[in-house]
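J.: Spelled out, the chains give:
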Amino acid sequence: MPRELITVQVGQCGNQIGLRFWDLVLREHARHNKDSVFDESMSSFFRNVEIKRGNPINIPVGDGRNSLQNLKARAVIVDMEEGVINQMLKSELGELFDQKHFIKDVSGAGNNWAHGFNYYGPKYEETLMENFRKTVEDCDSLQGFFMMHSLGGGTGSGVGSYILGLLKEAYPEVYRFTTSIFPSNDDDVITSPYNSILSLNELRKQADCVLPVDNQALLNIIQTIQAPLAGKGAGITEGKTKEEKPFDKMNNIIAHLLANITCSMRFEGPLNVDLNEITMNLVPYPDQHFLLASMAPLYSLLDLKLQARGVDQMFKDILTDQHQLLCVSPLRHRYTALGLIIRGDVAFTDVAKNIKKIKSDIDMIYWNKEGFKYGLCNLPSLGQPYSALCLSNNTGVRSVFSSLQGRFDKLYRRKAHLHHYTEYIEVSLFEEASTSTSDLIAQYLELENVKEPSFIPRLLPLI
Amino acid sequence: MPREIITLQIGQCGNQIGMEFWKQLCKEHGISADGILEEFATHGDDRKDVFFYQADDEHYIPRAVLIDLEPRVINMIQNSPYSALYNPENYFHAKDGAGNCWAAGYYGGERLQEELLEMIEREADGSESLEGFVMLHSIAGGTGSGLGSFLLEVLNDRFPKKLIQTYSVFPNQLESGASDTVVQPYNSLLTLKRLTMFSDCVVVLDNTALDRIAVDRLKLVNPNMSQINTLVSTVMSASTTTLRYPGYMNNDLVGLLASLIPTPRCHFLMTGYTPLTIERQVSAVRKTTVLDVMRRLLQTKNIMVSASTKKGCYMSILNIIQGEVDATQIHKSLQRIRERKLARFIPWGPASIQVALSKKSPYVETAHKVSGLMLANHTNIYALFDRVLKQYDKLKKRNAFLENYKKEKDFEIEEFDYSKEVVEQLVDEYKAAEKADYGSWGNDDGKDEEMYKLSLIHI
Chain A
1 MPRELITVQV GQCGNQIGLR FWDLVLREHA RHNKDSVFDE SMSSFFRNVE IKRGNPINIP
61 VGDGRNSLQN LKARAVIVDM EEGVINQMLK SELGELFDQK HFIKDVSGAG NNWAHGFNYY
121 GPKYEETLME NFRKTVEDCD SLQGFFMMHS LGGGTGSGVG SYILGLLKEA YPEVYRFTTS
181 IFPSNDDDVI TSPYNSILSL NELRKQADCV LPVDNQALLN IIQTIQAPLA GKGAGITEGK
241 TKEEKPFDKM NNIIAHLLAN ITCSMRFEGP LNVDLNEITM NLVPYPDQHF LLASMAPLYS
301 LLDLKLQARG VDQMFKDILT DQHQLLCVSP LRHRYTALGL IIRGDVAFTD VAKNIKKIKS
361 DIDMIYWNKE GFKYGLCNLP SLGQPYSALC LSNNTGVRSV FSSLQGRFDK LYRRKAHLHH
421 YTEYIEVSLF EEASTSTSDL IAQYLELENV KEPSFIPRLL PLI
Chain B
1 MPREIITLQI GQCGNQIGME FWKQLCKEHG ISADGILEEF ATHGDDRKDV FFYQADDEHY
61 IPRAVLIDLE PRVINMIQNS PYSALYNPEN YFHAKDGAGN CWAAGYYGGE RLQEELLEMI
121 EREADGSESL EGFVMLHSIA GGTGSGLGSF LLEVLNDRFP KKLIQTYSVF PNQLESGASD
181 TVVQPYNSLL TLKRLTMFSD CVVVLDNTAL DRIAVDRLKL VNPNMSQINT LVSTVMSAST
241 TTLRYPGYMN NDLVGLLASL IPTPRCHFLM TGYTPLTIER QVSAVRKTTV LDVMRRLLQT
301 KNIMVSASTK KGCYMSILNI IQGEVDATQI HKSLQRIRER KLARFIPWGP ASIQVALSKK
361 SPYVETAHKV SGLMLANHTN IYALFDRVLK QYDKLKKRNA FLENYKKEKD FEIEEFDYSK
421 EVVEQLVDEY KAAEKADYGS WGNDDGKDEE MYKLSLIHI
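Quick mapping for you: the protein sequence lines, in order, are chains A and B.
Okay, so the first sequence: first residue is 1 according to this note's numbering, each after it adds one.
Okay, so the second sequence: first residue is 1 according to this note's numbering, each after it adds one.
Keep in mind the hints are simulated off the structure, nothing from the lab.
Certain hints may be false.
Short derived list, chain B residues pointing at chain A, Cβ under 8 Å [as the list claims (entries may be wrong)]:
no.	residue
1	72
2	76
3	78
4	80
5	96
6	99
7	101
8	182
9	225
10	398
11	400
12	404
Note that beta-carbon positions come from the ideal geometry of N, C-alpha and C, so glycine has one too.
The shape of chain A in the complex, shown without the other chains (with noise of 0.2 Å):
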C-alpha cells in the first residue's frame, strides 16, 4: 500500500502539464508493468475501477495481482472555462479521468487573481470540498496533494491559492506540494506580476513545498536541445501525442520533474526518499520551503553516434545554469541543503564520490556543511539509462522574487490594472502581499550574507 498522491490541476496551464504527466507516468508504468496488473506501484496515481452499467465500482489493490480493467486518475481537476477541459476530454486520455472530479465554468477568470480568489473561489467551495472529500476517500494512506499551476494568469493563481487553503484547513496533516509555474520576463500577461506576487503570499502561507518553474528557463533549455540534435535524439521532451502543440515540449519537462520526485514511493530502490523526507530534509525553516529544481541529462541518446555522457558529468551538468528549471544561476549563491534523487544503474559510491566534489564546488550554509540528502531508485526514467534530479534549498530563489516584485512595483505605483482586482478584494491585500515578499527575500538575503562568527578565545581565568 504505498501512499497515493492527488494530484490538484488549476487552470489552463495547470491542466496542459497535467495531461502531459498523465501521459507520462502511463509510459513509464506500462514499461514497468509487463503484465498489467494493478499493482502497488501504480496505486499511487490511479484507481482501478470496474465499470458495471455505468455505476464505477473501485477495485481495490488487493495482494497487487488483480488485473487492470479500467484506469482513473487520482485527480481533481478545475478550470473556469470549458475550452481546455474539452480538449483533454477529446483527446487520447480522456478516459482517464473521472468526469465527476472536474469543477469548471464557463466565463474563465480574465487573467485576474482576485476574480479567482475570491470570487470563484468560494463559489466552488462547497464542490470542491466535495470532490476532496470523495478522491480522499477512495485512497488508502494519503500523502500528499500536488498542485499543478500558473501564477500569472487568474484561474491557476487565484483558484489555485485558495484551493491550498481550503486543503490546509480541511487535511492539515497532507502535505501541499506546488509545481508552480512563474511568469517569464516577457510574459503575455500584462498583469502577470500581480497576480505572481499576491499568489506567492498565499504560496507562503500555504503550501509545505513549492518547486517554482520559470518559463523562459524552460524556453532555454529546448533551444539548447533543439540546436544539436535537430530532431535527432528523442529526449524528455518528447511526448506520445504525435501532433505537437507549442508548450508540449516545456511541458514534458515538468512531467518529468513530478515523476522522478515521486519515483521513490513507486519503484523500489536501495535508498527510498519519500515526500515527507524531502520536506524533513530541505526546508530549515518553515518560510523557505521554495526548493530549485534542475535535471540531468536533459537529452536522451536513441541516436547511437552521440557519446553517452558519463555518470560524473551528469552530476556537473546538475549544478550549471542551463539546465536549472529557474533562471538562477545557483552556483553564485548560497545553498542551505541540497537533494539528490538518483534513477537508474548508478553505484552508489559514484554518488558518494560526486557528492563530495560537488560539496568542494558550491558555497553551503556553514552550519550545513553536510548537508546532502540523496535516494537511490532502481528504476531509471523513460528513454535515459540513468538520471539525477536535483532539489535544492537555494538562496539564489530570492533573485527571482526580486524582479517580480520590480514589475509588480512598477505597476502598483502607476495604480494600474488596480480597478479589476479592487472590485473583488481590498487594496490592502496587495501591501500585504508585497510586504511579505520583501520580508521573504530578506530572509534569503540574510541566509546568503551570515558567516561562520569566527572563533573569540576567552580570557584564562587567573588562579
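We have chain A; now place chain B onto it with these hints.
T.: Chain B alone, transformed into the frame defined by chain A:
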C-alpha cells in the same frame, strides 16, 4: 541449554542488513531459501536453535521480527526468494513512514506498541530460555533511530534481565564524506542517548568506513548496496559463530560480552574482519596464518569504524578466529603482538587480547584457511560521538529543520538537551578511561571535579 536470541530488524537499513544476515546464516547452516534443511546438512552438530526454530513441518524459521513504518522494504523482502523463510506473522509495517524524523519514529512506535510487543512476546514465549535481543538499525534515519529508541526503552522495561545487543549503522559523517540525510545529527544524538542508557552492547558499523573498505580493500569497481551489506552480514555472522558452533567456551552471548565491557556505559564496540572478500571474487589469495590474521585485524584499514585507533587505547579485544588453526600458534602470535606493542592498552586493566577459536561452517567454501573477526572496545570511539555533537551544535544553534520535530505533539524540545548531556558525559567517560586514575573518576569528590574542569580550560 539453548540460549535463544531474537533478532529485531527496524527500518530500511535494519531490514536490508537483516536480509543479508539471514541469507548468510542459511548458507552456513545448509538451510535452503524456504527453510528446509538441505540433504547434505542433516548430520550437522551445529546449534541452529539459537537463531532458528523448527515449525511442525521441519521448516526452519528465523527468530526474527521485521518492523518498518512504511511498506516498501518489507514488500521487497516478501517478494524476494527468501520470502518463505520468515514467519509471516512477524512482519509488521505501518503505512506512513517516519520521514527521516526521529520524533515521528519514536511516537509512531509508541502508538503501535501493543502490536509490536505482542509479536515480540510471542517469540519470547516460544523460546525455552531466551538470552536476549539483537537489534539491527541505523541511527540517522527516522524509523531505525526513532522506533529503535522506543523499543530499547520498552524492552528494558519488559525484559529487564535480557541482554540487548545492537548493530547500529552510523552515518557517513566526515567532512569529506557524503552524508545521505541532512538531519542526521539530530536523529543520531537522540538515538545515542538510548543506546548509551538502555542497551547492553552496541556494535558500531560506520558507513564511512564501509565505503572506504569497499572501494579500497575490495577493489570493487561499483559496489552496490547489497554487496556492502554482505560485508556487514559477514561480520555479524562471524561474531555469532561461537554461539552457533559450540566449543568449550563462549557459548553464549553474555560470556562474549562480559570480557569486552569493563564499565556499563563504555559498551560501544568496533569491529574488524580479515580477509575480506565478496562472494565469487577472490582477491589474491594470500597465505593466511594466525599471526598474519591477528596482526591485520589491528590495522586501521581493516577496522570498520572511522575513528583512528592510533590515538587512545584499547580497553579490551576479542579475536574470533575461524579455520584450521593450531592452538600453539595462537600463543606465539599473542607473544609477538605484545613484543611489538601493536596494540596499546589501558593502564588500569589487564592488557590482553582474548582469542576464541571457532569452527567454520562445513557447507560454505572459503578460499582462505584462516579468517578472523575482531571485536574491540577502544576509547577513541568517542571521536564519532564528538563529531555528532559538533554537527548537532551547528544546526541547533540556528534552530534549523526543527519544524517537523515540533509537529509531534508529545515531543519536547528539551529532549535534545537531555540527550546532549548524556552523550557529552559518555565522551568524558571515554576520555577519562585513557588515564590511569579512571578508577576514581566520577567519585563525588568536588575537588577532583574542579581540578578536572580547570585542566580542560588550559588545554
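J.: Hint validation: residue 78/B versus chain A, beta carbon distance must be below 8 Å. Holds or violated?
T.: Constraint on residue 78/B not satisfied, violated at 10 Å.
J.: Just to be careful: measuring from the Cβ of residue 400/B to every Cβ in chain A, is the smallest value less than 8 Å?
T.: holds (4 Å)
J.: Taking the closest Cβ pair, is residue 398/B under 8 Å from chain A?
T.: holds (5 Å)
J.: Per the CB criterion, is residue 72/B less than 8 Å away from chain A?
T.: Hint on residue 72/B: holds, closest Cβ of chain A at ~6 Å, below 8 Å.
J.: With chain A as the partner, please determine if residue 101/B meets the hint condition of a C-beta pair closer than 8 Å.
T.: holds (5 Å)
J.: Given a cut of 8 Å on the nearest C-beta pair, is the interface hint for residue 76/B held or broken against chain A?
T.: holds (5 Å)
J.: Taking the closest Cβ pair, is residue 80/B under 8 Å from chain A?
T.: violated (11 Å)
J.: Interface hint check: residue 99/B, Cβ to nearest Cβ on chain A, cutoff 8 Å. Holds or violated?
T.: At 3 Å from the nearest chain A Cβ, residue 99/B passes the 8 Å test, so the hint holds.
J.: With 8 Å as the cut and Cβ atoms as the points, is residue 96/B at the interface with chain A?
T.: Holds: closest Cβ of chain A sits about 6 Å from residue 96/B, inside 8 Å.
J.: Verify the interface restraint on residue 182/B: the C-beta must sit less than 8 Å from at least one C-beta of chain A.
T.: holds (4 Å)
J.: The hint names residue 225/B as touching chain A; please verify it with the least Cβ-Cβ distance against 8 Å.
T.: Holds, about 4 Å.
J.: Double-check residue 404/B for me: the hint is only fine if its C-beta lies closer than 8 Å to a C-beta in chain A.
T.: Holds. Min distance 5 Å.
In this structure, the hints that do not hold are numbers 3, 4, in rising order.
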